[in-house]
Amino acid sequence: MEIKVLHQVMDWNEDVSEEVKETLSAHHICMINVMGSPGAGKTSLITSLIDKLRKDWRTGVIEGDIAGQVDAERIADLGIPAVQLNTDGACHIEAMSIQHILPELPLDDLDVIFVENIGNLVCPAEFRIGESLRITILSIPEGDDKVEKYPLMFTDTDCLVLNKYDMLPYFDFDEKIVCANYETVNPGAPLFRVSNRTGDGIQELADFLAEQIRKAQS
Amino acid sequence: MHELSITEHLLEDCIREAQARNASRIRVIRLCIGQLRGIVPDCIQIYLDMLAEGTIAEGARIESETLPVKVHCMDCGKDGEITPHHLQCPHCGSMRLKLLSGKEFYIKSLEVDIDGDKSTASGNGLE
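Protein chains in written order, with my numbering: chain A, 8 to 225; chain B, 3 to 129.
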């Protein structure tokens, strides 16, 4: 016989995500989930943003990685609290992983936590991790078809960063397509054009984050 | 491959729901998945085959219904269905759209055997 269920499949993750949110909010911490493909420039961009934000906020990092320590070492060079979250091959971070690793950070002494998610445009979008803010990074060499191919990553984000923007003249990247598609799936959401290599656009993005951090903390 | 951890929890949920109704076996799990989600039903089936071994869901079949992306056009005011590959209003071509649905992901129903009722046994080779 058939039994009706109507049960949201992702509730198990959403529930823990809410618990993480409560823990962070009790500590007045804004957690920023940074997502994008491998090579989009997540680690470099986080490093640059921390440089801009650290004078006003005490910042920590959770470095998601399938395996290895390379990115965590780059972040640790900044001299701020950083922990490595190895997912042992899994393609995304779940709320539960964040809940387990949070106690390893000095929560009483932090205002902002950056989470570098696993490099992937599909899986991380499916999992809320208790973040206050989501950033999706798309770099110019990846191509202009990514919003259509991976809509959830662009629908469920709070801002889109077009990184490696200085590469635009060298690639057949139709910026108009990306902007129009992004506006369609995520109306009114902000978009930043950034080159982490030249530093162009980083300040604007940092200013936007500063505003969001203030909002999350109030 | 994010379907692995999703399937683990899906299986737990289905077994809990089935046992709450005194079901002795789960035959079919019916899912509804919005077209904007990156969930592949075939992957869920493969992981379920592995994970359900020895449980009342062993041999259960995943049936999934894809739910369309529905939008409301901010320019012509009409509602319509689109696909992720044509992100524009089907009526006027505008790209100023408000998303109404397409991100769903839920268990709709289960086909189960209740003790003493084998009427729906579908001959999946387990008996």
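In short, the hints are calculated from the structure, not lab data. All C-beta atoms, glycine included, are put in the ideal place defined by N, C-alpha and C. One or more hints might be untrue.
[Said to hold, decoys possible] Simulated DEER-style distance windows between Cβ atoms:
{"#": "1", "chain 1": "B", "residue 1": "H88", "chain 2": "A", "residue 2": "P45", "range": "51 to 59 Å"}
{"#": "2", "chain 1": "A", "residue 1": "L198", "chain 2": "B", "residue 2": "S96", "range": "15 to 23 Å"}
{"#": "3", "chain 1": "B", "residue 1": "E55", "chain 2": "A", "residue 2": "R221", "range": "48 to 56 Å"}
{"#": "4", "chain 1": "A", "residue 1": "E182", "chain 2": "B", "residue 2": "E83", "range": "37 to 45 Å"}
{"#": "5", "chain 1": "B", "residue 1": "L102", "chain 2": "A", "residue 2": "P176", "range": "50 to 58 Å"}
[Unchecked claim] Derived DSS-like pairs: lysine-lysine, alpha-carbon spacing no greater than 25 Å straight-line:
{"#": "6", "chain 1": "A", "residue 1": "K11", "chain 2": "B", "residue 2": "K100"}
{"#": "7", "chain 1": "B", "residue 1": "K80", "chain 2": "A", "residue 2": "K11"}
{"#": "8", "chain 1": "A", "residue 1": "K156", "chain 2": "A", "residue 2": "K183"}
{"#": "9", "chain 1": "B", "residue 1": "K110", "chain 2": "B", "residue 2": "K72"}
{"#": "10", "chain 1": "B", "residue 1": "K110", "chain 2": "B", "residue 2": "K80"}
{"#": "11", "chain 1": "B", "residue 1": "K100", "chain 2": "B", "residue 2": "K72"}
{"#": "12", "chain 1": "B", "residue 1": "K105", "chain 2": "A", "residue 2": "K62"}
{"#": "13", "chain 1": "A", "residue 1": "K156", "chain 2": "B", "residue 2": "K72"}
{"#": "14", "chain 1": "A", "residue 1": "K62", "chain 2": "A", "residue 2": "K222"}
{"#": "15", "chain 1": "A", "residue 1": "K28", "chain 2": "A", "residue 2": "K183"}
{"#": "16", "chain 1": "B", "residue 1": "K80", "chain 2": "A", "residue 2": "K28"}
{"#": "17", "chain 1": "B", "residue 1": "K72", "chain 2": "B", "residue 2": "K105"}
{"#": "18", "chain 1": "B", "residue 1": "K110", "chain 2": "A", "residue 2": "K183"}
{"#": "19", "chain 1": "A", "residue 1": "K28", "chain 2": "B", "residue 2": "K110"}
{"#": "20", "chain 1": "B", "residue 1": "K80", "chain 2": "B", "residue 2": "K105"}
{"#": "21", "chain 1": "A", "residue 1": "K222", "chain 2": "B", "residue 2": "K80"}
{"#": "22", "chain 1": "A", "residue 1": "K183", "chain 2": "A", "residue 2": "K59"}
Hint by hint, here is what the structure shows:
Against the hinted window of 51 to 59 Å, the Cβ-Cβ separation of H88 of chain B and P45 of chain A comes to about 28 Å, which falls outside the hint. Checked against the hint of 15 to 23 Å, the C-beta distance between L198 of chain A and S96 of chain B comes to roughly 19 Å, which is consistent with it. Range check, E55 of chain B to R221 of chain A: about 52 Å between beta-carbon atoms, so the 48 to 56 Å window is met. Take E182 of chain A and E83 of chain B: their Cβ atoms lie about 28 Å apart, and the range 37 to 45 Å is violated.
Range check, L102 of chain B to P176 of chain A: Cβ separation about 39 Å, and the 50 to 58 Å hint is violated. Only pairs whose Cα atoms come within 25 Å are accepted, and K11 of chain A paired with K100 of chain B is rejected, the gap being roughly 30 Å. Among the hinted pairs, K80 of chain B with K11 of chain A is inconsistent with the structure: their alpha-carbon atoms are about 32 Å apart, more than 25 Å. Between K156 of chain A and K183 of chain A the alpha-carbon distance is near 16 Å, which keeps this suggested pair within the 25 Å criterion.
Our distance criterion of 25 Å between C-alpha atoms is met by K110 of chain B and K72 of chain B, whose separation comes to about 19 Å. Between K110 of chain B and K80 of chain B the CA atoms are separated by roughly 28 Å; this puts the pair beyond 25 Å, and the hint is violated. Distance check on the hinted pair: K100 of chain B and K72 of chain B sit about 9 Å apart at the alpha-carbon level, within 25 Å; holds. This hinted pair does not check out: K105 of chain B and K62 of chain A have alpha carbons roughly 39 Å apart, beyond 25 Å.
Restraint check for K156 of chain A and K72 of chain B: the C-alpha separation of about 17 Å stays at or below 25 Å, so the hint holds. In summary, the hint linking K62 of chain A to K222 of chain A is supported, as the alpha carbons are separated by about 18 Å, within the 25 Å threshold. For the hint pairing K28 of chain A with K183 of chain A, the CA-to-CA distance comes to about 36 Å; that exceeds 25 Å, so the pair is violated. A distance of roughly 37 Å separates the Cα atoms of K80 of chain B and K28 of chain A; the hinted pair therefore is violated under the 25 Å criterion.
A distance of roughly 10 Å separates the Cα atoms of K72 of chain B and K105 of chain B; the hinted pair therefore holds under the 25 Å criterion. As the CA atoms of K110 of chain B and K183 of chain A are separated by approximately 39 Å, the hinted pair breaks the 25 Å bound. With a CA separation close to 29 Å, the supplied pair K28 of chain A and K110 of chain B exceeds the 25 Å bound. For the hint linking K80 of chain B to K105 of chain B, the alpha-carbon distance of about 20 Å falls within 25 Å, and the restraint holds.
For the hint pairing K222 of chain A with K80 of chain B, the CA-to-CA distance comes to about 35 Å; that exceeds 25 Å, so the pair is violated. Pair hint K183 of chain A plus K59 of chain A does not hold up; C-alpha atoms about 29 Å apart against a cutoff of 25 Å.
Violation of the numbered hints given earlier is confined to hints 1, 4, 5, 6, 7, 10, 12, 15, 16, 18, 19, 21 and 22; the remaining hints are satisfied by the structure.
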